[in-house]
Each structure stands twice: as structure tokens, then as C-alpha cells.
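Student: Turn these sequences into a full structure, and let the hints steer you where they fit.
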Amino acid sequence: MPTRKSESSPSAPEVKQPHTNGSKAANAPAVKRPQPPIGKNPWGIPDWRLEQPPFHIESDWSGEEYRYKVVGDTNTPVPPLRPSKYLSKEQTLEIYRYMIINRQMEAALESMYKQSKVIGGLYLSLGQEATSVASAYALDRDDWLGPMIRNQGSMVVRGYEPSSAMMQYMAKGTSPTKGRDSGSHYGDPKKLNVIAPISHLGDSIGVLSGVALGARLQGREIACLAYIGDGGQSTGPTYEGFNFAAVRKLGVVLVVEHNSWAYSTPVELQFACKDLADRAIGYGVPGVIVDGTDANQVYDATHEAVERAHRGEGASIIEAKLMRMKGHAMHDAAVYVPSAVKEYWQRRDPIVRMEQYLKETGWMTEAQMKEVHAEVQRYMDQEREQAEAAPMPSPEEAGTDVYFDNGVDIPVKYGEVRVKQSNVGRKLSESSAPGHYK
Amino acid sequence: MPTNVVMPQMGESIFEGTITKWLKKPGDQVQRDEPLFEISTDKVDAEIPAPAAGVLTEIKIAEGTTVEINTVVAVIGEAGSQPVASSGSGSVTVDAAKEAKATAVATAPEGANEPVAAPGAQVSSTSGKEPSPSPADGDPANRGPEGAPGGASTGGTNVVMPQMGESIFEGTITKWLKKVGDTVQRDEPLFEISTDKVDAEIPAPAAGVLTEIKVPEGTTVEINTVVAVIGGSKSSAPAAAAPKPAAAAPSAPAPAATATQAAPAAAGTHDRIRSSPLVRRIAKDNNLDLSRISGTGMGGRITKNDALAFLAQGGAGSAAPAQTQSQPQAAAPVKAAAAAAQAPAAATSRPSTPAAAVAAPLPGELVPLSRMRGIIAERMVESKRTSAHVHTVFKVDMTRIVRLRDREKSKYEQRNGVKLTFMPFIAMAAVQCLRRMPIINASMEGNAIRYHQNINIGIAVALDWGLIVPVVKQAEERSFLGVARAIADLAARARAKKLKPEEVSGGTFTITNPGIFGEQFGTPVINQPESAILGVGGMFKEPTVITDADGVDSIAIRSIMRLTLGFDHRIIDGADAGKFMADMKKTLENWDGDIG
Amino acid sequence: MAAVTYLEAIRQAIWEEMERDSRVFVLGEDVAIYGGAFKVTEGFIHKFGMERVVDTPISEMAIASAAYGASLTGLRPVAEFQFMDFISSAHSQIVQILAKSNWRWGAPAPLVLRGPSGGGVSGGPFHSQNPEMFYVHTPGLKVIAPATARDAKGLMKSAIRDNNPVLFFEHKFLYRRVKEELPQEDYTIEIGKARVHREGRDLSVITYGAMLYTAQEAADLLAKEDIQLEIIDLRTLLPLDREAIRRTTEKTNRVLVLHEDTKTGGIAGEIAAIINEEAFDALDAPIARIAALDAPVPFSPPLEKAFLPQVGDVVREARRLVKY
Ligand SMILES: Cc1ncc(C[n+]2csc(CCOP(=O)(O)OP(=O)(O)O)c2C)c(N)n1
Ligand SMILES: [Mg+2]
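Protein chains in written order, with our numbering: chain V, 12 to 449; chain Y, 628 to 1223; chain C, 39 to 362.
Honestly, the hints are just simulated from the structure, not real lab data. Among the hints, erroneous ones may be present.
Said to hold, decoys possible - With a straight-line Cα cutoff of 27 Å, these simulated DSS-like cross-link-like pairs (lysine-lysine) come out: (1) V/K353 x V/K381; (2) C/K361 x Y/K1011; (3) Y/K802 x Y/K1036; (4) V/K202 x V/K260; (5) C/K361 x Y/K1127; (6) C/K361 x Y/K911; (7) C/K85 x V/K260; (8) Y/K1038 x Y/K1168; (9) Y/K1212 x Y/K1022; (10) Y/K1011 x C/K262; (11) V/K285 x V/K51; (12) Y/K802 x V/K353; (13) Y/K911 x Y/K1011; (14) V/K80 x V/K353; (15) Y/K648 x Y/K806; (16) C/K195 x C/K231; (17) C/K217 x C/K231; (18) C/K262 x C/K361.
None of these values were measured; they are calculated from a predicted model.
Tutor: Take a look at the structure:
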């Protein structure tokens, strides 16, 4: 069996450290703004949104074509962002820039896909940038992230350059997985604390429970941010993995990205409850509903959940309501989505809403915002050039690194194992304890 | 430094391509990325740009020829190079190519063997003084998945039909948003497509002037088909819509010449010798002729032990066992097995002189076992190992039968054409007694006993070269004469080697008659899978006490014969054997059967 | 020193490793207060405390994922499946996440998934299975199935010290049935190395797990007929000890592979293929396989007996091969 090790096993190439702003940025206090009141859903789950889409989708199998139809009003006005309780101006601007990076990176990927440079499928997150970016932004350096396919923005916040994603999608030999795994399936256990997702939906959640358990044995309470879709949350592993965290009060923060569609299946055909945050009651953890196109709400809710995790109080669920603005992948034009629904959400573009907020707060002028776009564009061109120029993997890499070398020590992540051992030394159980220690 | 031009791989599953057109001729100047030739493959037709600037010095593959990918099709020399005349085997100049397409074909396999990574090797002899590095554009690693020629960044970028979904293999161009001559920006919408899954606007892959639209609106093409070119000089010869069918499709090269020459000389006439991979290896390593070894394995298979025994007795061909030490690897099993044979407990110790242990046979001629001998040896040992042999001997007074025979034998032979011997008497008695005692006519099968429906009596026949047991089938249905005839016939044909295979199998009980040599009695070995065998001892005149009807004893001279029953105690107990033999004795002593 | 059961050997191995290395901890269903369904971790909670002896919800998926997650932080979890039959509920985690982890993203996963497997105890179709081959077919894992107390302890220690995910298939039939004296000192047994259990001349029986004892009984019987069996205990199924397989084939020239797992897709096929690749011309007879019927494990004793390979099967097949 090959324990051959190639030069370096796949993990993040040299990347910058995850930012250390977020929850620890006490030096730049948030600007206090009046908070609109917080509502509750029928089950008592706090709902931070400033609007609730006054429509829903129904299956319409009556006409000539099967289709989904909208019931209700899609023309309601767009509310402003909820002011953040925690974000400073600098942090807000950083989140804004990350959202633009997220979007431009995916625009570049889309072009590259159409030029046959991308290998395999391409999954985009247009309209979901606020959720990816602002939630990941709430994590500390020692916390962990368990992304899903559409969380390229979270990966960038965590410290990956866009070229990493591009090289992944182009299957380059210098991609984080050296061309071994596809698209968003990359991660780094050493520096960036990002779990490499697998395709199987929900399978990372239990892993993050384990990471939190491992950290606890090393005397640390950390937050582990997991994402799951409105579709993916239907799997058993989602329940099994998260229940473990709930029972053991491990700091798993589950962000349910309720983007209204799972491939072609609307939420109405995915689950019977109205809000997925209701599940928090069943798990016995706090749950909250936020507007997923409002970066402030997403940040604040995640920040509170992360703080809770750091205090050792356990897991939380955040349901972010938003919309997947493109098809499931590039081959899918999402014609099954009624156009009125698309238009409703187009008016709630998270970046446009953020720009409105920046204007209202006076934190940025339109010209400054244009400059951010242009600066990111230049950065993205460089990243793209670099990714395109990167070599494909050499064939020998296919079978190396299947096993990790036993000669290499695997360090413990948080220093040392520190258990309280409160009950150690209590009397041994009555029945036959092993002879050699009795 | 000359640069080789190779047939590109236009798609993962593509392994060959046809050159449909050369756009340059030897002696022409070419720019890097300038269209050089056109190809057609199963997936896509494409214009292939030159990998380097210089002078086209040589065209190796003519139009209309199909070659494997990575075959060198042309050579570009440095500026100022002269076109070469036919140089190196199989190379053709463009003139030659026009007439001799078949010759070009012949070069294909040669070029195909040459990986692109070592292009220097294919450089023609006049110009190839030093190996040239692999041209960047020829490096497959720089390509997209389907080999889209996206590597060319300046002076002509091909625009291809994208793959919009894993299962999608074609798309329709619904609209061109630019026309030839327009300047486009990178990522600026260039055309619209429609596929089975999605409709999309496709952005330009590079900035530049749209120099050529190859696929008009409304046309459906496979993915990765080049639909337009941005930048570069306009091709003077617009690509024909359809690739030219490989017109004079040259017949496949005929490597038959070499294929026929090596008819296996060994395909001889001798029978297949059953052995094993190991035995064949031992034979090879020790130069043994397997046909000289008789096998003791199932169906006469030569086993390892047969081969080793043969070797041990000096039966090797030219190589003595000691010599095999020069091939330690090959000799290992021989040694190991030999070692195991002498010292089973120390099987792991490396025997240093195995030959000495086995190589001192007593003087004498060594004659290999005949096939029959081998089978007999195997069967006998197997029987001894299988059955729990027990023997019981009964004395039978045959006087009555002897008298009957003496009286009848000449008439009998005249009447029936068969000698009247003692065997049919014994066989007929056995048939009757077996009927009354079915356990003697049974076999053990796994955890069960099979009581045979028929009584098939095997008769052991001694031959000069061994022993064989033909079988009188369904003896219970035969008359005395029928049995007598059958025995005589089988024995005669056994000696004439005329028995059929089915006549020597299927027995349920065997009678062997070594008594003719004067023995008292023997202890015969059961013929598996039967459970009993009757041994017939010699006939002797013996003083015998006889008791008359009144109970008066007297001594008389009687013809006495000893019968032995060898039986398998696994299923036959001594009492049953005794009962059977007592019955036999009674039947024979009081013979009253019709002899026909 | 008293003889120690197979189960106790496993318990000692984990215990001693937890004493030696604070990174080692156990988790599983009912492993803490109760000490595990088979009492492998009995007393652990008192010695090591509840932080290192973790009772989990009934979710094999969660157990496997949590063990993996903890291993990502540098710990060395030893996770128990109450019965190895339930490993199927964690299949996705094991083959998709754990096995591919180092290869995909350079994240080594030093952990052990262990539990009782195997039949012969009328456990029925869900408490008697030998699911090892699903995992032998999964590159990135190591798969161990010891047959003796000594091997169980030494291999468990190696498994815990290994930097890769190791699946440890204990045999519940052997838990309290086999006993032997163990070395006093700390010892390990190398993963990936088979053991010559009995030297022989005429035929090699390659086996593992509880079938070792079936082979041994057959060998005793056949010895009376002067048929000497060599018995190879594989001990590790992934990576297979190709060298040991080749060596014994070269020695006896006849091979019978015996296993309790069902026949089709069992490891015997793989071993036959290895011999074919590496020692074809050492064969003096065809390679034979004796394995369980291609059926689920039945519950009723006569059915289970018919399902599992028996001593008589080995004797009969050995005789045939030796004669061949
Ligand atoms: C266990 C499993 N089953 C099926 C799939 C195929 N699949 C990939 S994404 C997807 C839809 C997911 O929808 P959702 O969870 O809502 O995420 P979204 O795409 O909306 O972000 C499906 C069915 C999968 N990846 N995993
Ligand atoms: Mg969704």
C-alpha cells in the first residue's frame, strides 16, 4: 500500500492568515444606531428580518405545463439593512469588499467555464454573498469553518485567495487539493481551520462537532461554523451530527441557508415546517431567523452564536432566508423559478443593499464604492492570470498520499490535552474491572 | 532550433486525427499561433496553430492521412532554414506526399510511438543536431479538459462551443452578437447558444478583432468545436464547413508480414500432459521432459512429488540438481520441498546440500512408472487411506461344483462357445448373496450410505503390464451363461486392450482371483468407492471332516477353496460380513443353480 | 502471570494507551458508566474521567464524524461501535470523509473505529456480520481482524499509534473464549504483517479471525493422516501481507483460503489474485476457497452452522487438494 509521500501533501498553499477582526475587534466599537424591534415566529423563534416575503410558491399542475406559481405579492418595497449592533465602520467596509470579491470571483469563474477552462460543474452563489461573507467574518482565528459548495465567499474571508478556488475549478496541480478533488472541495486543517467539504450533504456537521469536542479536550471552547442548505438539511447526517453537538453543548453554529431551492425542488416540497429555525426547539438549542441578504443581521446573529460557543454554552441554529439567483449549476437555467420571485430577490441584491446602507451611514461615497469595484477587478485579473498559468498535476500524484506517514508527528492543535479529571480516582465500578489495574 | 509539430489531442477520448489540409508548404515562413494545418477528429475539426515561429522545413504527414495523437507531422526550423528533401525513414516532402499517401501512412506508427515530451528524437537528421525543448503549446498539461486550444493567447484565439453541463455534448449557435472585423473585449458577450439544458450568452475568451466566424447561426456543433477566431491573421482559405472525408482513405498498414512468421514450432502432436504451474517450473528449471514422468495425481496429473521423485532419482535432463544452485530463485521450491521431505520440522532452515540427501540412490535401473502403474499406485494408497479395511476368510468346500464342472465342461464349451470356469459360479453366488445383504453392495457418500440398485461385479484381470478391473454391469439381471460370457469377453478384451472406459467403471463389488497361482488366500484392497472385495484363493484337495445326514463324521478328500472378504468397516460390521460369507459358503457348497 | 482473554487484551491495550498518551480517548454508545456493551471499556471512566470516556447518542454517523473531527485537532480517538454490523450507518463518513482525508486535503485522521463482529453466536443477521470487505475495498483505511489475545493487544496499540484511520474488527465469539498469557512489557505488533500460526508442509490454509481455530482443528485431524497444514493468520486485511502469502505458497505449493465472511467478494478472491500475480508457478494445485454461504447470517443454530465454514469442510477440501 502506498505510503509514498509526495513533496507536500495537499493542503492550503501559502495563504494569508484568517482575519482577526470580527468578534475580537474591540478597538473599533460599533456605531450605536437605533435597533428596530425583533419579532418572533409562531413558535417563539426570534425573527430579525425587517420584512417577510408576503408570498409563497405552490405547485401548479393544472395547465399545459407543470410549473410553480407565486401566490401573494412580490412587489413590496425593499427595506434598509438592520443596523449592526457590533460591526464598526472598518469591519463593515471589509465585509463589503469581501462580498465584491465573492461576486467578481464567481463572474470570472463563469467566463472561464464558458471558455472551457473550468473542468466539471460550476456552482455559483449570486445573491448569497452576504450570508457567506458576514457569517464567516464572525469567526475567530482558532474557530473552524465547514463550508458548502456555494460558500466560496466564506473561504476567502477565512484566508483563501480567489486563485485557490479558480485553480480548484480548473483542476490545476497547484490547487489546494493538487487537482485531486473538485471545485469547492478544499480545506486546511493546519492554518485556516477549514473542513474540506464532501458532496454528501450534511456530512460535515458531525465532523465539526468532533472538532469542537477535540478542542474541548484541549481546554478550549471554540466555534465551528457549519452551513447546510434548505435541501441538505433533510439528510440524516445533518440531524445526527448536529444532535451530537447539542447534547454535548459543543460550539457548532449551524447556518441554514434557506435559499428557497434545492436544485429544482422548492422548500415547499422539502419540509413541512415553515421556518427551519423551528428545529432548534427540537434540538434544544437557540434558533434565530435572519434576512440572508442583510450582512448586518447575518453578522450579528453569527457573532452572538460564536460568542455563546466560546463561553461553552453550546450550539445554535441560524436560519438565513435568501434566494439562489442562478441555477443549481451552470447547466441549469432555473426556468422552474417563477420570474416574479427572481425579480423580487433581484431587488434585494445584498451588495446593492449594502451600498445603500453605506451611503445612508455616510461611510462611503459612490465614487469610493466604484473604486472598490475597480480595485477588486484588478486583483481578480491577477488572480485569474495566475490560476490560468498554473500547471496541471503530474500523473504520479494520483496515487500518492493515500496514507499519512507514520514517521511524522501529528501535533495537537491547541497545545495539550487538559481534562479536568474531576471524577478521576473515584472508586472503581463494582463489577470486574480489568485485572491488571484492580 | 527546430520544433516538431505534433498531432494534438482534441478531447480526452480522442487518440487519432486526420490532416485535412496543410495551410503552409515547405519553405514558408510561419508565425507562432499562425494557422498551420487543419485536422478532423471524431469530436471536432480544428485549425492547428504553429507552435513556434520559423520556416516550415518539412511536412511528414500528407493530407488525408490519419495518425495517432502526438505523431510528429511537421518540423519548423529557425528562420533561414532550407526545406529538407526526404530525410530519415518514412519522411516525405510535400511533393512526395501528394503522390504517395500510402508511404505517409507507413510513417504513422513510428511517429506515434514518440511521446511529445521528447520531440528532439523526431527531428530530421539534417537539422536536428541538438534536442529541442518541448514547445509550451505542445504540452498537454496546458490545455483544458477537452483539449480546447485555449493556450494561444495572442495572434489568434480559438473560440469554442462550451460544455454547459456534464452530459451535454453539443450546442446550437442561436445568435452572433459580433461580426467579423469587430473588436471585442475579453468577457464581452460574443454569441448566444442554446443547449438541451440551458441557453446562454457566451463571453469572448480574449480581447482582439473577431477574424473569423466558422459556424453560422442556427448551426448545432459538438462541444469544443472552434466556432470563431479572435485575432491573428485571417485565414485565406476559409474552413470548409464539413471536413473533407478522408478521400483516399489509405488502407491500414499491414504488419502481417511479421505476424505470420512465428508459427509456434512447438504445436506438436503429443497429448497434453497434466501437471501444474509448479511442476512446469521445476521441469523448466531442471530441464526435465515431463513426458518421461508418470503422474500419480488425479487423472494421472504429474504432481510436485512426482517431479521431485523423478529428479531425486537422477531423472533430470542435462542439468543435475546441484547445478540449480546457480539459479537460487528458480531452484527455491525444489529445495524447500526437498527439505520439507527430509525434515518437516525444520522447513524454514535453508538446506545447503539438498542434493546430497536425495542424490544417493541405490544402483539399479530406474524405470519410470507407467501410466497404469501410477494410477494403480495412487488408487491403492487412496483406498487404504479411505476405508477401514477388515478381512475375513472362509473355507469353502467346492467339491460339488468341481464335480459338476468336470462333468459339464466340454459339453458346455461346445454348446455355448465359452469355457466353464469357476468364476461364474462365484460371481453368481455373490450376486445372490449381495441381493440378500445389500450393505455389502453399498458405498459411503459423505455422511450417507448409498445402497446400489444394481449389482455390478468387477472382475480383476491380471495383465502383463498391470491390472484392470472390467465390470459386469447389472449382473443381477443376467443368467449364469450371461455372466460367464461377460467375464470371458471382458477378460479377453482387457488383454487385447480393447476395453471401453465405461466398462472399467461403475462397479459395486469386485472379485479378484489370484488363486490361480496357488495362494491360500490374500487380503485384497477394496476398489473404491466400493465397500467390499472378494478374494478367491487357490483350489486345494484337502482332507476334510464331513458330517453326514446322520451326524456321523468321517474324513474325506475334498476340493477346498478359501474366500476372503475385504470390507470397509466404516459401513460394514463384522457380523454382516460374516453373514454374507456364510451365505456365500452355503450357496457354493450346495450349488443347485442352472448353468445354462 | 494469568492467562488473559481476547477481550481483556483489547481492554488493556486501550487502557495502557490512554495512560501513555493523553491524546487518546474513547467514545461510543454506553462506553462510559456502563463500560460498553461487551465491557471493553469497563472502569475507564473512573480512571480517566468522563471527558476522555464519552457516551454518545445512538448515532454511528455522529460517532464516526466526531472521532474524525477530534482527530483533526490532533487527538487519537478510539470509537466503539456496539456491533460492527452498525458500521453501515456510518458508511458514508468512513468511506467518503475519513478514508479520503489525507489524500484529498492533507488532513491525516489518526483514529480507530472498533467493535465486535462475526458470527457463531446465534446473533442473527444484524449482530453477526463480517462487514470488513466493504472497507478493505476502500483505499485510505487500514483494516485489522485479530484472532488471538496477544495479537489483539499488540495490534490495538499499533492501531492507536497509527496516523491513519484504522478499522479494528474484533471477533465477539473469541472475546471470552480464547485466553493466553501476554508479555509483561509494552509491545506492539506491526500492522500489515501476517503470522505463521502453524508450520506445515503439505498445504497452506490462509485465514483470519475466528476461522483460525477452525483451521487449527482441521490441522490436528489431518495430522493423523500425515497431512501437515501450514496456517497463516492474516491479522491485517488492509494492507495485505503479500509477501507472507507468496512465501507460504512457495513453501507448500497448495493454498486453501478460509474465511467467515461470505464467499463472493470475500478476501479469498483477492488472495487468489495475489497468488496468481506473484506465485503462479509455485502452484501444484488450484487455489481453494472455503467461506460462508452467499446469504445473510441466519439466526437458528442449525442454519448458522450450515452457513459458517466447518472443520469438516476444511478437512475434506484439504484432502482433495493434497491428492490433487
Ligand atoms: C446526500 C446527497 N444527495 C444528493 C446530492 C446531490 N445534490 C447536490 S446539491 C443538491 C441540492 C442541494 O440543495 P440545498 O441543500 O438547498 O443547497 P443549495 O444548492 O440550494 O445551495 C443535491 C440534491 C448530494 N450532494 N448529497
Ligand atoms: Mg437551497
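Student: Of all the hints numbered above, which does this structure not satisfy? Sort the numbers upward.
Tutor: Those not satisfied are hints 3, 13.
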